[in-house]
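Enquirer: Each chain is listed here by its residues.
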Amino acid sequence: MQSLFQRPGEMTVPERFGQISWSLVTLIALLAAVGITMLYSAAVDSTGAPGSMDPWAKRQAIRFAIGMAVLIFVAVTDLRIWLQYAYVVYGVALALLIGVEIAGTMGMGARRWIDLKIFLLQPSEVMKVGLVLALARYFHSVSHENTGRIVYLLVPAALVLAPVALVLKQPDLGTAGMLMVGGVAMFFIAGVRMWKFALGGVLGLAAIPLAWRFLLHDYQKKRLLTFFNPDNDPMGAGYHILQSKIALGSGGITGRGYLQGTQSYLNFLPEKQTDFIFTMLAEEFGLLGGLGLILIYMIVLGYGFAIAIRSRNHFGRLLALGLTTTIFLYVFINVAMVMGVVPVVGVPLPLVSYGGTAMLTVMVAFGLIMNVYVHRDLRLTRGGIDEDE
Amino acid sequence: MARERGRGEVFGRRAALLAGGKFVILSALGVRLYSLQVLEAQRYRDMAEDNRVNFRLLEPTRGYIVDRYGAPLAVNVQSYRLEIRADLTPDLPATLDALGRLIEIPAKERARILQAVKKSRRIFLPVTVKENLTWEQVSRVEVNAPDLPGVDIKAHETRLYPYGDATAHVVGYVSAVNEDDLEADDDPLLELPSTRIGKFGIERQYELALRGRAGRKEIEVNALGREIREFPERRIEAEPGHDIVTTIDLALQRFIIDRLADQHAAAVAVMDVNNGDVLALVSTPTYDANLFPKGISPGAWQDLVNNRYKPLTNKVVAGQYAPGSTFKLIVMLAALEAGIGPGLTNHCSGFIQLGDRKFHCWKRWGHGTLDMLGSIRESCDIYYYELSQKLGIERIAEMARRLGLGSPTGVDLGGERPGNIPDSDWKQAVVGDHWRPGDTVVAGIGQGYVEATPLQLAMMTARIVNGGKAVTPRLTRDLFVADKVSARPDPEFPSIGVENYSLVMVKKAMQQVVNHEKGTARGSRLVDSAWTMSGKTGTSQVRRITAAERRKRVLKNEELEWLMRDHALFVAFAPFKSPRYAVAVVVEHGGSGSKAAAPVARDIMLEIEKREQQFVSGEWPAQVALSDIRDRR
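Listed in order, the protein sequences are those of chains A and L.
Those letters in the first sequence? Residues 4 to 392, per the numbering used here, in order.
Those letters in the second sequence? Residues 12 to 644, per the numbering used here, in order.
So that you can see chain A by itself, here it is in the shape it has in the complex (with noise of 0.2 Å):
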């Protein structure tokens, strides 16, 4: 049995270490100075002004501290363990899904998660990471003339479409999103033909009646409608937007100041930590703190980019690629969702949200791209042990 780090005769642990891309990792922690700078801004003192460390940006803090450790231990991780074990990931992800599935319709309404005592486990995150490991593992296996034959597509439709449709039931539509377009990205990433796509679409169309009708919730439907027509209810389901949009436009081109947004401050602003905090970041910082924001994701994105196209071996270019995207994912259905151009389903912004599962989630599919960049030149044979050539 190979170790978990290191075989004979290639990179020694402390030799991976050192092949991390420090730039890399400071883009994160830039990222995460935002949000605790922002969770700071959330919080009021005990005398009522504006800033305070406590309840959200110490913790926060904390939490960022412990996700570093984690990403930097997957980074210096063997590559091939996760090619190998990327199957259970995926296995133990779904397992743990219909478990919170059968223990939600015992107890009382939505349930997404297990009390792991020291912290919340939520399958949904757990199973963001594994499908990407699952498909890419798939995809790196599978020749590329076999790619386009259509029965060997129907392996990873069954690895997507499974968890999406438990997720959906959760009833969890953000992530069921995500895990969708994430698993379409990787069948796009991995050669699989345009007109299958088109294909595709045509059926998940035909589907929407039909998950319409058996898949949502009452309210999921009621977000839907009141996102296509805001003003209908402006203090009812349709108020979270509308104030949303408020504070952003009264943030302008620079911004009310630190510590001095009024809408989140008063209240107006609902989940101001987690799925609105980019809201406060542009009424406070206005357009030019948000814009600065999206930029620092779009080059954090391209160095995932450019690690996945600079990866020798298949897997690891699909892993780098599918991970890149499931933050991309991230970022664009939170972004987009606060600024009314998607319904509110609950996405929180990698890395400035508040919250320790989906920072522990964002921060080991970090691990695994500067894994994929720390085994950049490493060769795989699709067998996955061994060297191809």
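Just so you know, not all the hints are guaranteed correct.
To be verified - Facing chain L, from chain A, some residues (calculated, C-beta under 8 Å):
1) 188
2) 191
3) 194
4) 248
5) 249
6) 251
7) 252
8) 255
9) 256
10) 285
11) 289
12) 300
13) 308
14) 317
15) 324
16) 338
No lab work stands behind these hints: they were computed from the structure.
We put the beta carbon where it would ideally sit given N, CA and C, even for glycine.
With chain A fixed as given, assemble chain L onto it according to the hints.
Expert: For chain L alone, kept in the frame of chain A given last:
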């Protein structure tokens, strides 16, 4: 190798496409952000301001109401309310315990407070712990304030009527705003739960002047509506309401109420015959106006409504009584004006026959032969049966109207009723029957369809004795147009167009009523006084005396149930030379005017005379300037 390379090339292309797509999408979000924050910024900024800024009304101080010498009739007092805000109290039960050691909080109250806090959706809204704290309680709580987090004492103004019993019918009262008030008046002040508005009397009549104008402050609120801070530069202070100086003499008012204590129900109006100042306006029984500002209890309200003596009715302006023999003054005046001389004599044998009806004099065996002065002095009914037949109802009615009967006096007090002066048109329209000679006969002694309010009777008397000027009563000397105040010039009243000779004759007759040996009110003449009171008695019958009763013996008032007894009336003026004061007294079911009403008028005149002497000798304060009252607040 080749395959791998093929796969790698496809991956490279697709990856570039995907990355490009992400870039485009994120850029599109950036454009959207630009549109929200720059292009549509103003719209959303306005909405943010709406979110954030709220207006609160500042209540104006209600104007005071004072008597002619500045004695307070309606004032505002600070009242203190103890409130607790649950969101500022870490441990509510503990705080209530601490509070309970300072002021008494019964267990029931405590349960109510805890329940109210629990039920309140907005935790920052204060819950009232106790109303109307005494000064001692206020200071005890204030001293211990550091140990009582979330506990606050709110001061607010409540209306107080220092002589609520004596002045209720003049000053009226304020009470909570109801739906109809909101309908009729769109002043936003009325929306405030603490606002009280005038419902009766001067409080109602001069509501707009007394109320003042609301100010407002702009405050920043959070999503829950809690006040965060104020923008002081945008504050508009409230304009306090105007004070109202009434013509009422509080001491006289109270004297009259005391004087009427032995009667169930009575009405008195005292008026300056020259300028119309109403010095006293008394309706008994009265009630305490202080019952109303805080909300009268249903039980107390029912007691007032069901009281047979009708305390809620202002009998001076809304009580309509047959004027009885006081109306003979009008008939006499009409006769003199019609050219009938005062020498006209008539023989009274106790009754006259008119068609198939017999009309009796109050004096069973008759007065014998009387001239016009004698007819008033001894109040002979037969004389007026004959005289009114000579005149006809139209001439009598016309004279009555000139003296102000039959229509509201226009006094600045609500709820006034017009009384009634009948004529043939009126009877046709209202009763649906033509005028009969008997109607004229009955009207000639102020009975039947003739009705007048006590205030009208006082005004009638004033117009006779002031040289024939059409004086009208007033309760304030200030002139209010909406909420603007200005000093009202002493009015120039038009003449009622009656010969001075006629007026002098009527005055002479009235003088004899009180001062002549045979006068009906001789018992009430002023003795030990520089003044001579003159007047006219009236005893108005409220029941029909049957022929059978008349044959046996007409029952005395004392033998009848209260409601069946005659109303006792007396109108008076004094002094005789250059008269100054007119008084009308109506004692409901009081019996004869000479016995029940005239002595009241006599005592009032004596009191007025006494007060005038005090005033001249400086014992009484001159009219107090309003600024002095303000300073005393």
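Enquirer: All hints are to be evaluated individually against the structure, with a verdict given for each.
Expert: Here is what the structure says about each hint:
| no. | hint | in the structure |
| --- | --- | --- |
| 1 | 188 | 6 Å, holds |
| 2 | 191 | 6 Å, holds |
| 3 | 194 | 4 Å, holds |
| 4 | 248 | 6 Å, holds |
| 5 | 249 | 5 Å, holds |
| 6 | 251 | 5 Å, holds |
| 7 | 252 | 2 Å, holds |
| 8 | 255 | 5 Å, holds |
| 9 | 256 | 6 Å, holds |
| 10 | 285 | 7 Å, holds |
| 11 | 289 | 6 Å, holds |
| 12 | 300 | 7 Å, holds |
| 13 | 308 | 4 Å, holds |
| 14 | 317 | 6 Å, holds |
| 15 | 324 | 5 Å, holds |
| 16 | 338 | 5 Å, holds |
The structure agrees with every numbered hint stated previously.
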